[in-house]
Amino acid sequence: MAIVDPIYEGLASGWKHLDGALYQGSDKPQSLEADVVIIGTGAGGGVAAEILTQAGLSVIMVEKGPLRSSRDFDMEERTAYPNLYQQAAAMKTADKAIGIFQGRAVGGSTTVNWTTSIRTPADTLAYWQSEFAVKGLSADELEPWFEQMESRLNISQWAFEPNRNNGMLRRGCEQLGWDYTVIKRNVLGCWNTGYCGMGCPVNAKQSMLVTTIPAALSAGATLLSRFEATQIEHHADKVFGIWVQARDQNLAPRPEKLMLKARHYILAGGAIHTPVLMMRSGLTDPMQLLGKRTFLHPTVLSGAVFDEAINGHSGAPQSIYSDQFVWRDGAAGELGYKLEVPPIHPVLIASKTLGFGKSHAELMANFNQLQVVIALVRDGFHPESQGGSVSLDGKGFKLDYPLTAPFWRAARAAFASMAELQFAAGARRVLPISEGVGYLNSWQEAKAAIADMSLAPLKTVVASAHVMGGCPMGEDTTKAMVDSFGQSHYLENLSVMDGSVFPTSLGANPQLSIYGMVAKNATALAGRLAPQSKPPETAPETDPVADGVPETAA
Amino acid sequence: MNRRKFLLTALGGTAALALGVSLYQPQLDVEDDGDKPHRILFSLLMPVLLEGALPEMAVPREAAVNRTLDAIEATISVLPTSQRDELEQLLDLLENRLGLLLLTGNMTPLLLRSPAELASQLESWRQSGLALLNQAYLGLRELVLASFYSCPEHWTLLNYAKPELPGIKS
Ligand SMILES: Cc1cc2nc3c(=O)[nH]c(=O)nc-3n(C[C@H](O)[C@H](O)[C@H](O)COP(=O)(O)OP(=O)(O)OC[C@H]3O[C@@H](n4cnc5c(N)ncnc54)[C@H](O)[C@@H]3O)c2cc1C
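Protein chains in written order, with this note's numbering: chain A, 1 to 554; chain B, 1 to 170.
Some hints here could point you the wrong way.
Some but not every residue of chain B turned toward chain A, in silico, with C-beta under 7 Å [said to hold, decoys possible]:
(1) 52
(2) 146
(3) 156
Computed footprint of chain B on chain A, listed as stretches where at least three residues anywhere in the stretch have a Cβ under 8 Å from a Cβ of chain B [unchecked claim]:
(4) 169-183
(5) 191-199
Restraint ranges, calculated between C-beta atoms of paired labels, are given here [claimed, not checked]:
(6) 114(B) <-> 4(A): 56 to 66 Å
(7) 114(B) <-> 309(A): 36 to 46 Å
(8) 156(B) <-> 2(A): 41 to 51 Å
(9) 328(A) <-> 70(B): 26 to 36 Å
(10) 114(B) <-> 159(A): 37 to 47 Å
(11) 365(A) <-> 118(B): 30 to 40 Å
(12) 454(A) <-> 153(B): 49 to 59 Å
No lab work stands behind these hints: they were computed from the structure.
Heads up, the beta-carbon is just placed ideally off N, CA and C, and yes, glycines get one too.
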């Protein structure tokens, strides 16, 4: 059965797409115009593009990564990481203590994410309301938006048997009487292969790449791929345009630039990159909030060797989670942690484990008996958990993320919970992924060893696939850059619609929170912009129309 | 100023000291291997980092080493500039030190230095309390292990293979 590639077919049908690697500029920089320009095509950008296009507005989407589709997804890490991830999946905090996964291709992180779809926890929403003056985002107010996106993206509870990696998480919870939930996933006709993280080869994952972005393009929107937004031109309370720079096949900057002009601009480059673009452009930030309070759900890992085969590479990567420990001590109390499992593929496991030589080779030889649990720590609520801070650094940026005492307390508790769970599920040996502990042979032994183990940056493996915050929302301008609709407090025609607006982390995987909130905010924006909308036929053609030197701030 | 000298100077005190390189060491030319930089260095480290994973038999071992050297090059080539520069600095420093020892004849030529000695060097960086040494260890470890396991040729060890899906490129 041949797999239909909606991107390939759409391009053949005449979608307006401009590839920065192929773009031929002229002497004078040219400009493109639309009602709305959206920077970034991930969870936030994709949803906004579809909603605004459907409201009859002309839309230009900009993505610094390439346009790749199922025919490029060969289920190999060596292809996927450089093609689809920020910094070839080797992004790290400044001190190198935390490895960060973030997508960078059309569809953003949704092209490579693991499809777990969870509504924003009620505790998180309540905390935002009381601590950050966020309004209109109660669980009740969000419910219709979550319903809308769950139906749009075919989000439903995974109806098949979990793979054994997840199955052991469930078994451990059952044995111990711990809470667990069968995960809802955004998939349609999933083949249960386990390669979500390398781009879905069969287009079952309802990522932005195969849902909202094709819908927007089919309705006349324009997509610029391999174009990076580099500068927001602004004056007083208005944005005048955004410069985008073409990138070549290797994503190195090319000299070609375009000026994008619109009635309204939406930043959706994701946490880290949206604040970086705003800082680089010198946007008003009197309280110095940009890039601060960047959250990661910093995650620790526990391996377990089972006698039976686990084959953690095969099957839906995430289908069970446990919230037993997320809210145990209240939102602002000790940092809670969510228990999940990751997909198990060779590069991921080889690099996120410990040691080298014989000991590592032995671990890898047990590859198919290996079960891995991860604990995602809920950062940003406790007073000593302020997250990381992004700052400009010459041409690029850096993210400093101090791992503070409350994080290490949570990590220690998490290592214990994971070991207890893995032994309860029948593990023969458990290996906390932190230097100096080694294999543990019983829960008894593990309990003592973990209470005593030393935990430290660069000794304990810490990873993140959930980047959030850095451009907080809320009605209190001393704490927020944008209001509860994502509208800038300082620039009247600028909104932020991505994970960077979260004032804390979520305590749940982020994608559905972004989908729901952006659906709400983009619908409100469409209501503001659409009545005066120009007729769609004035939407820009793929060939940019030269209109002289772009207007800049006076 | 040649690139290697520049990098050494630019790195300044901390990095050089932490890596055990005296700032006053004379600059020495290390064989550069033309378009295949750092291959000697990696072919020294690889048997150590991949002990137990590389085949024992000469012919398949050589194939695996060469395959991994190519994969390392490919991995480095896709890193963003800032990370690549950092890594190059580390590799340059290592080569400089290896070159020095090799050429001054203070020790057994490094090319013949025992894997056990290299292993204990890596192990001491791994255990060190200095972030810079930990970073050097982790950087080399991740680069070599990830590159080795990124090659389908090396997956038989793991009994891992990607599924064959009808109509999908393999
Ligand atoms: C491996 C992995 C697994 C995950 N698994 C899950 C999961 O199972 N469930 C879940 O809920 N979440 C998961 N996540 C997280 C989730 O996918 C993200 O939180 C979500 O996609 C973030 O949405 P966003 O709109 O903020 O940014 P993104 O989706 O990251 O999109 C931002 C896009 O903007 C582009 N961009 C940035 N700056 C610029 C610029 N200046 N110019 C042009 N383009 C720019 C980026 O290249 C990127 O493509 C996972 C993430 C990863 C990486």
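Against the structure, the hints come out as follows:
Interface restraint check: residue 52(B) against chain A, minimum CB-CB distance 3 Å, threshold 7 Å, status holds. Interface restraint check: residue 146(B) against chain A, minimum CB-CB distance 5 Å, threshold 7 Å, status holds. This hint is violated: residue 156(B) has a C-beta 11 Å from the nearest C-beta of chain A, more than the 7 Å allowed. Figure legend: the segment 169-183 of chain A, annotated as covered by chain B; annotation inconsistent (0 residues with Cβ-Cβ distances under 8 Å, at least 3 required).
For the segment 191-199 of chain A, the assignment as covered by chain B holds, since 3 residues bring a beta-carbon within under 8 Å of that chain's beta-carbons and 3 suffice. Roughly 57 Å separates the CB atoms of residue 114(B) and residue 4(A), a value that falls within the hinted 56 to 66 Å. Distance hint for residue 114(B) and residue 309(A): a CB-CB separation of about 38 Å, consistent with the stated range 36 to 46 Å. Distance hint check: the CB atoms of residue 156(B) and residue 2(A) are about 30 Å apart, inconsistent with the given range 41 to 51 Å.
Between residue 328(A) and residue 70(B), the C-beta spacing of about 49 Å breaks the proposed range 26 to 36 Å. For the pair residue 114(B) and residue 159(A), the supplied restraint of 37 to 47 Å is violated, since their beta-carbon distance comes to about 57 Å. Between residue 365(A) and residue 118(B) the beta carbon distance is about 22 Å. The supplied range of 30 to 40 Å is therefore violated. A hinted range of 49 to 59 Å is violated for the C-beta pair residue 454(A) and residue 153(B), which are about 38 Å apart.
Hints 3, 4, 8, 9, 10, 11, 12, counting from the list given before, are not met by this structure.
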